[in-house]
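4 protein chains.
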Amino acid sequence: MIPRYSRPEMVAIWAPEAKFAIWFEIEAHATDALAELGVVPREAAAALWRWWDTKPTIDVAAIDAIEAVTKHDVIAFLTWVSEQVGPEARFMHQGMTSSDVLDTCLSVQLARATDLLLADLDRLLEVLKRRALEHKMTPTIGRSHGIHAEPVTFGLKLAQAYAEFDRNRQRLIAARADIATCAISGAVGTFANIDPRVETHVADKLGLAVEPVSTQVIPRDRHAMYFATLGVIASSIERLATEVRHLQRTEVLEAEEYFSPGQKGSSAMPHKRNPVLTENLTGLARMVRGYVTPALENVALWHERDISHSSVERYIGPDATITLDFALARLTGVIDKLLVYPERMQKNLDRMGGLVHSQRVLLALTQAGISREDSYRLVQQNAMKVWESDGALSLLELLKADPEVSARLSAAELEDKFDLGYHLAQVDVIFDRVFGTK
Amino acid sequence: MIPRYSRPEMVAIWAPEAKFAIWFEIEAHATDALAELGVVPREAAAALWRWWDTKPTIDVAAIDAIEAVTKHDVIAFLTWVSEQVGPEARFMHQGMTSSDVLDTCLSVQLARATDLLLADLDRLLEVLKRRALEHKMTPTIGRSHGIHAEPVTFGLKLAQAYAEFDRNRQRLIAARADIATCAISGAVGTFANIDPRVETHVADKLGLAVEPVSTQVIPRDRHAMYFATLGVIASSIERLATEVRHLQRTEVLEAEEYFSPGQKGSSAMPHKRNPVLTENLTGLARMVRGYVTPALENVALWHERDISHSSVERYIGPDATITLDFALARLTGVIDKLLVYPERMQKNLDRMGGLVHSQRVLLALTQAGISREDSYRLVQQNAMKVWESDGALSLLELLKADPEVSARLSAAELEDKFDLGYHLAQVDVIFDRVFGTK
Amino acid sequence: MIPRYSRPEMVAIWAPEAKFAIWFEIEAHATDALAELGVVPREAAAALWRWWDTKPTIDVAAIDAIEAVTKHDVIAFLTWVSEQVGPEARFMHQGMTSSDVLDTCLSVQLARATDLLLADLDRLLEVLKRRALEHKMTPTIGRSHGIHAEPVTFGLKLAQAYAEFDRNRQRLIAARADIATCAISGAVGTFANIDPRVETHVADKLGLAVEPVSTQVIPRDRHAMYFATLGVIASSIERLATEVRHLQRTEVLEAEEYFSPGQKGSSAMPHKRNPVLTENLTGLARMVRGYVTPALENVALWHERDISHSSVERYIGPDATITLDFALARLTGVIDKLLVYPERMQKNLDRMGGLVHSQRVLLALTQAGISREDSYRLVQQNAMKVWESDGALSLLELLKADPEVSARLSAAELEDKFDLGYHLAQVDVIFDRVFGTK
Amino acid sequence: MIPRYSRPEMVAIWAPEAKFAIWFEIEAHATDALAELGVVPREAAAALWRWWDTKPTIDVAAIDAIEAVTKHDVIAFLTWVSEQVGPEARFMHQGMTSSDVLDTCLSVQLARATDLLLADLDRLLEVLKRRALEHKMTPTIGRSHGIHAEPVTFGLKLAQAYAEFDRNRQRLIAARADIATCAISGAVGTFANIDPRVETHVADKLGLAVEPVSTQVIPRDRHAMYFATLGVIASSIERLATEVRHLQRTEVLEAEEYFSPGQKGSSAMPHKRNPVLTENLTGLARMVRGYVTPALENVALWHERDISHSSVERYIGPDATITLDFALARLTGVIDKLLVYPERMQKNLDRMGGLVHSQRVLLALTQAGISREDSYRLVQQNAMKVWESDGALSLLELLKADPEVSARLSAAELEDKFDLGYHLAQVDVIFDRVFGTK
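Protein chains in written order, with full-length UniProt numbering: chain A, 1 to 438; chain B, 1 to 438; chain C, 1 to 438; chain D, 1 to 438.
Treat the hints as calculated values from the structure; they're not laboratory data. Fair warning: there could be bad hints in the mix.
Remember, identical chains collapse to one label, so a pair may be satisfied in a single copy or spanning two.
Straight-line C-alpha distance at most 30 Å; calculated DSS-like pairs for lysine-lysine [as the list claims (entries may be wrong)]:
(1) K337 - K55
(2) K71 - K337
(3) K129 - K385
(4) K347 - K272
(5) K272 - K136
(6) K385 - K205
(7) K71 - K385
Just so we're clear, the structure is a prediction, and the values are computed from it rather than from any experiment.
Take these sequences, add in the hints, and give me the full structure.
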């Protein structure tokens, strides 16, 4: 966890206090169920909750001190709770195994982390939608291979991102369902010492599903799928960040990360406004992706469990969710405040002197009765002049002036072929597909 | 693609002939739609289908020869089809861009590949269920950390695998939906030269969804999610393969990969039956997992597309699906024919002389009024004798003979604590959860 | 192995014929050593070599047919050789285990593959050096964050790449030493049935080092290091490919991948020359990097070996080396023929109207006695005008015309601060460091 | 950084105080060189060192507070130093760029981290050597595929690990050389505003090599190679950890992680001593491997630099080195105190009733004139009886009692074939290769 790439709400989920609070809830709910089943006295559960209602501060240092002696984190916690609650607390944890608490707690933490990430995605989607609608008809050149291709709108770029993050939202909801399960099934998953109804009760109270069949632990294919999904979302972040980085290049400069009016650029160079936020997002995406493989390697635990997954999860549980939360928020800020320069987009569009329309002219000449070969030659020779002028000449003007062309196509017909509107005619259809707006 | 790790049905999906056939169908369906819209003559589409109805052989070499000249695969294909069909074929591909064909074809190939993988999973699930039910009550020792813990049944191990692969089946269905989309939207996704209804028609005919908003290409977050899902499935394969490898170890030998009765082991050593199939599966899982990261790196294409993803997909499209198909089939065969040795399982269970029951005895002594400390000491001193005898002594017999113990617990009471049935009482509940069978 | 990303010489190394030829040499050299030790008749070795001297064609199909029966590749090979050579061949392989042959063969194949890769690097280095010297003093704008920073030369960019690939060459030489070892040590590496001198002899003949201590196999940390090194080289390829892709962008266009004068661009758009080769290299780099993790996962084989590494190596042995060989050759071709546009570089350099020199002016004003704050204000207000003119105004001219500035710095002094030569004064020093040329 | 997987000496390298101290040294040495070149007054450098000689406490909070205003870490640091040192400090950093400080500092940190890792490896090698010599002749069964193969010694296993970690030591020395470079070359690496001799001086003082050609930054192929090397070492850790985990399995139990005599096992089950340290090492290895891919992705920075690598390095710089340092120390502790059970090794060796010797008997029968087929049948039928007895019968005794066998081989001759010494005859040779000891 790197403080500068962390936000407090997500960090709080992974704090020791939060973990111990979840442990307590698991134990107390289980004690409720055990009392209901007649295994422990009802007073045992009641005592636990009475203490909890006092909103006690969890003394992490005290628990750690006990663990230093017992070498066992769950026992240390239970001991400390017993000291606070009194003798009734001795009925806690009856028939349970440490993993019942640890794994179910991880499920709760990941589910809560996911709720934050889903809220992050909602905010990002909202911003993407607003800016997409704002620039729905802002023309800009579409590029394939980094080379000018045909016109699009800036709104379309953002609509694409919206659709992509909306897919990610669906995937994250599925991933949440995958990890939000509860297992209280004992040392090897057989419920030998604990009634399965305890598990059902705790799952219900914590908003988790029941793990149908566990070993000592919840199976790690669930977590692998979860972290793989985070890796996909990170890759989408990298894609949009890369788009911004490209648009902010000195020679392109169609958009820029926000800087306040009074903000100094680097020294005396006003052009030196660097896309440092999106570059940073590119690096953060690499990290979240890097956590996917360890999560996949965690699946093949030996027999009813080994503990090799545990250290991996101590790293990637917090690191992947905290980093992704920060990255989504940062990306939302970048898009929210992105400085968009439609004039520059138009200038870049015009830069090729109308070459992007050459295909339509070619087709029109063919339809006007010129052979494809001759049409190609006519367009090509004029296009080449435009190209060599580095945008100083206009293809439209050259074609109008070319007698072979003007013999077949009038100035008005030619101008029609240079109409941007032709390219943007279906933007409404696409926006309707993405946003359901007409 | 490694022939020895490939099965013909999956390989066929990736053959040039299959690809060209899909290309043809995309083009011909698109021509149908264009004819319906009045863009091209109805006869153009009819001519295409008439030729197709003759079930023509696709001459890959001829198409390759044209590509060697044109340096463009889709043009080469269209040229060859025109040579076969005649002049009406010139109306094909009107307003389309190569990626419309290439990307939609990849969707079809991945969707078909997924159908094979789903069928593989169905067969695996069927076999897992059969063997799980067969060994539902076959006792075996549960192990955590590779160390004996408490009894489970062999059927429970397989039920766990069943539940895991059933989850994988659900994930794969979601992943299929993610990649089964159709984009026929032109050079930068604006439908500038083609009506969106063509896309809808082709999607419908090919059983694909319409891509709501594409650039020149279908967005690669879809493929990233797909290959990530294959990586999770591969990891589950590794988990079950690792279980078999452990069970077949000389000292454990609770199960073995099948060998035919007449089959010679390695030379004169009848014990030298190696779990080579599951070791192989472990390696194959590494490969399928290795394809996840390149797929994630493919997401951040530049602007409306660059072509860096293409080479990656030429490798991992076939390699990941072919390898996973082979691996699932191999795993199914391993489980189907797995030699299971219940006597040996019992022998290993007994190996610790009943130590796995020590906790129940401890609890019984406490309940019989001995302090927890004294109970622990009593059990511990007898347990240690059993342990030092390496299984020659029996904990039950030692406890019966220990006057301090027998003063509180009768022989019958002690025997009751050594009852395996206690551990297996909830197996029905778990099986019901997993299989819905009582 | 994807044919379009493969070159014949590297493919040949991985062909069955090449593999069997290496197997033969291992066996024949081992038989020589066994004869020398008196373990087998000298005539046995002589007969093998006599047959080999006839340059026999290796009948892969025949060997495969035998393997279909014996289910063992090495035995199938030995059987086929025996059929060709006659009874003396029965002394082959005495005391050896299959892995002795398989692993040593892999070492030979990887060593040969590395020799091709080193030759690839040599060619790339030669081309980089030539083009670096050619453009040693071609000024171009240096960019940080994609934003104009200060001038560099195009030769410096290539010198940087030269130094990077020279480091990669050193790393690959180290990696070759890591995998070029020979193990002929029997079933568990104890030489129980074979004298260690056989290993020494074979190693010597094949140009390999002796593996100091093997198990049944050569330890896989060696191969992990090897494939990790290939992954680093692939990443360097991606870096240089990315540089070219950026330079070829429509708005930048300082360099382009070669196209022949007569070559048609995409349709009638002469600007549509796509950097498809370097985009392709970016994808290929992803694949070679993707093979690193499976190679790392191969290290932890169980005990004296399991066979999980084998399937991984069947994929990545050929795929990583063939792909990297192709990629290095493609990159060499790209750099060799790269179209470099110094005028455009100068135009881009000038595009900011001299803003890149603003820091030097700032310093000069300070040294001329103006406070740092005032100097900054003076430069900033003129720089902003240039910036807002999008390169139409010149900073130098504005400064000359600014009375506050001209009061302190003469026109000549100002011009001196706009001297590109200032930035390039140390190019010689750097080139001398990299190429040892003055 | 996870406290429980961290050791203070390595953590200290990555503390802000350590970073700022290195920054100071870089700046002060650079000022020395600048003074020597006459660019700044000698007194400027002297003042810096005078202050430094007072061993001032670096006030991280104060520097952070300045950074909160300036938004620039290096400027904040320089400002704070100026406040401490006085006006002479204004000559610091002349002509330098932030990356000169940041990148060179990272080199120093990684070099220091590597020195700790090399010391870790030295300790591990020392322990491996001691235990290898201790168990040089302790017989144990060698296993391929987890199945008994032929005898080895436990010392051989450790000698193998020794050789592997010795290779890792060599690799790490090479990796250290790769990252221990100094770049003080200005904004785009041209030394436009700073003499290259400053770089040479600072490099010399800090024990770094001079970076022959940098951009704004030190090229990241160096760091990629470095982290890839850590990934290889982590994989070797996993291998040895996996070996211990296997040996500690209940059924094998040839070795155990240390537990103190008084230490309670889990509850009353004395056999429940879990190999938790080596399982933990397995997980830690996954993490260190997981950092390799982000490091590889960092190589392809745009042009003269983008800052995407920075966030990645903030994670993996500390995390990879701290985790590996901890893991090496933990592994050293495990091997140092490993409980080795030679009797159990012998018992396991004997478990197969001598089947591991069957091949030698087979050969002897053949040499005694029995056909290979008959020899095989004779051995096989006796071996099968042993196998079916699960080790209760002895192959040697059965063979002695078999009239067909005893007709050809005397009891003494048979016993000779069951001699373990035959398998261990070359152990000296191997140890001499590895340790240079005879």
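Status of each hint after checking the structure:
With identical chains, the CA atoms of K337 and K55 are never at most 30 Å apart, being 41 Å at best within one copy and 46 Å at best between copies. Proximity of K71 to K337 under the C-alpha cut-off of 30 Å is restricted to the inter-copy arrangement: shortest distance 19 Å between copies versus 51 Å within a copy. In this assembly of identical chains, K129 and K385 lie within 30 Å of each other by CA distance neither inside one copy nor across copies; the values are 41 Å within and 35 Å between. For the homomeric pair K347 and K272, the shortest alpha-carbon distances inside one copy (21 Å) and between copies (18 Å) are both at most 30 Å.
In this homomeric assembly, K272 and K136 come within 30 Å of each other (Cα to Cα) both inside a single copy, at 29 Å, and across copies, at 26 Å. In this assembly of identical chains, K385 and K205 lie within 30 Å of each other by CA distance neither inside one copy nor across copies; the values are 74 Å within and 45 Å between. In this assembly of identical chains, the alpha carbons of K71 and K385 lie at most 30 Å apart only when taken from different copies (26 Å versus 80 Å within one copy).
Comparing the model with each earlier hint shows violations of hints 1, 3, 6; every other hint is respected.
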